[in-house]
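*Asks:* Produce the complete structure using the sequences and hints provided.
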Amino acid sequence: MSDVALPVSAIETAAWREARIAWLLASPAIVLMLLFIVLPTIAVIVLGFTDFELGYGSFRFVGLENYADLISDRTFRRSLWNTTVYTAIVTPISIALGLGIALLIESEPRGRDFFRTVYFLPVASLLVAMATVWQYLFHPSIGPLNSFLALFGIPGPNWLGASSTVLYGLSIIGIWQSVGFNMVLFMAGLTAIPRELYSAAEIDGAQSAIDRFRLVTWPMLGPTTLFVTTISVINSVKVFETVKTLTEGGPNKASEMLLFTIYQEGFVYLKVGYASAMTVVFLAILVVLMVLQYRFLDRQVHYS
Amino acid sequence: MTQSWTFGRVFRLTLLILGALMFLAPYIFMISTAGKDQSDIFSASLSLIPQHFAYMANFTKALTRVSMPNLLLNGVIVCGLILVLQVVVAVPCAYAMAKLKFAAARILMAVVMLGLLVPIHATALPLYVAFDKLALLNSYAVLVAPFSISVFGIFLFLQFFRAMPDDLIHAARLDGMSEAGIVARVIVPNAWPAVTAFAIFSVVAHWNDLFWPLIVVTNQSYATPPLGLLFFRAAEAGDDYGALMAATLIITLPLVIAFLLAQKRFVEGITMTGLKG
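The listed protein sequences correspond, in order, to chains A and B.
Just so you know, we're using my numbering here: the first sequence kicks off at 154 and counts up by one.
Just so you know, we're using my numbering here: the second sequence kicks off at 38 and counts up by one.
Just so you know, these hints were derived from the structure itself, not from any lab.
Please read these numbers as outputs of a predicted model, since none were measured by experiment.
Certain hints may be false.
As the list claims (entries may be wrong) - Which chain A residues face chain B? A few, computed with CB under 8 Å, are given here:
no. : residue
1   : 190
2   : 257
3   : 300
4   : 343
5   : 344
6   : 345
7   : 347
8   : 350
9   : 358
10  : 398
11  : 428
Said to hold, decoys possible - Taking lysine to any residue and the SDA-like style, the derived pairs with C-alpha atoms no more than 25 Å apart in a straight line are:
no. : chain 1 : residue 1 : chain 2 : residue 2
12  : B       : 138       : B       : 210
13  : A       : 406       : B       : 268
14  : B       : 170       : A       : 406
Glycine included, every Cβ here is placed at the ideal spot set by N, Cα and C.
*Replies:* This is the structure:
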């Protein structure tokens, strides 16, 4: 009996040892994940059902009251709407420009590194600092942009100072900042397309560059495009730096955006419970976006 | 690859050059305006060359109002600590998940995937309350701690480790190496491309982050570069754009120089880690 049992228990011991070592190696990560991701996420959901305010000792559960308040909160609704508009402007334009520039750079053998560096530079620059530069460029009276427009007799608007244009101003900065990021992702996607496909398409009669793009490049880039789209939408929804630095949500809440509103309610007015409910909405938006991405990914035809 | 100068090519190059000028315009005006005095700024905003070279005056203002060296040093300390902790925590965990058999690996994977969805903006409120209770606000600890765990790092290393041949690890085990030794001397050296890519991603993200430092730091001596610039803006009331541009120039320069020196790695790193923004 013991002759048979011994190797089994030896294997068991080895397996047990391996599991123990795995636990040891993973334990710091597990503890920190619980501490800084899992628990705070649960806490923010729970806090969303309370009237907790920092500085007050006690708090009570108020059920869905915070969410009911959110529905009628004009600032929050304005904030959701502005974030939607900003995302609807920045995402498509930065994707189209990123793809366009990637295609132009790929088709031109000269200066490839130079152009890639220039268009990528904003990604590597401190956004708060560059936002300050944009504020100067946009300045209604001394800003270069309006001086430039004046050369053609066009009266420039008060970009960041007027409620009718502030979202466009912030969008321009957002586009400028994210195009280079999308461009390098598209460039990586483009180099992964096998050259033979282009010659095959040519033999099949795709003579013009537009035909080749429609028949080969665009479908082959499908996964990259989906990927870039998801990141761009999420990054646009998370816009904060430019709002905080340049407009503080103004004028007249015309540039009030989701994260800035959460910041304001939670960390300036210290209404933690109410801001937690807002955060849950923000998290729900992120979850919906990810689910949408997986849905698309499932349906997409892969050419690999 | 020699191409002739066709119309199409000239057109494409022209587009690229015009676009490049538009993308560079903020930098050009930043450098130019950093050297202008107030009268220059208010009179001729389109001329790029300052009429009274005020670089010295503007840079002195920028360097004296807020301690720039202190800001940059804080940026280096915070980003450096975050990066080291992230790698030290994530690499062993990813190795265990990729190469060792243990029951929790699947649950752990689910937590990592969910964790990828949760940015600091979502966890900031309870974390702030907790750090406030612990009286840890205004410290390096509060700036670093929440980022000591990077689920994205685990995810990235995991994929990289899975592609590594098992023979490599078996050979090391036969040589009598401990599992910790294997991680340090076999896995990490072989995972260097992933570590570099992650390092670039991490440093760019945390050097630029304003949200968390803004919440937890009110004391200027712990300010990171973006927060310090906000303080500078607040101190510099009015339209002293010359000094403001000098400050932005000083604060933008380190990362831009790092990018220009190692741009190939930068682009590779960002492409490899592009998954997360």
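*Asks:* Identify every previously stated hint that the structure contradicts and give their numbers, smallest first.
*Replies:* Checked against the structure, the hints that fail are numbers 4, 5, 6, 7, 8, 9, 14, while the rest are satisfied.
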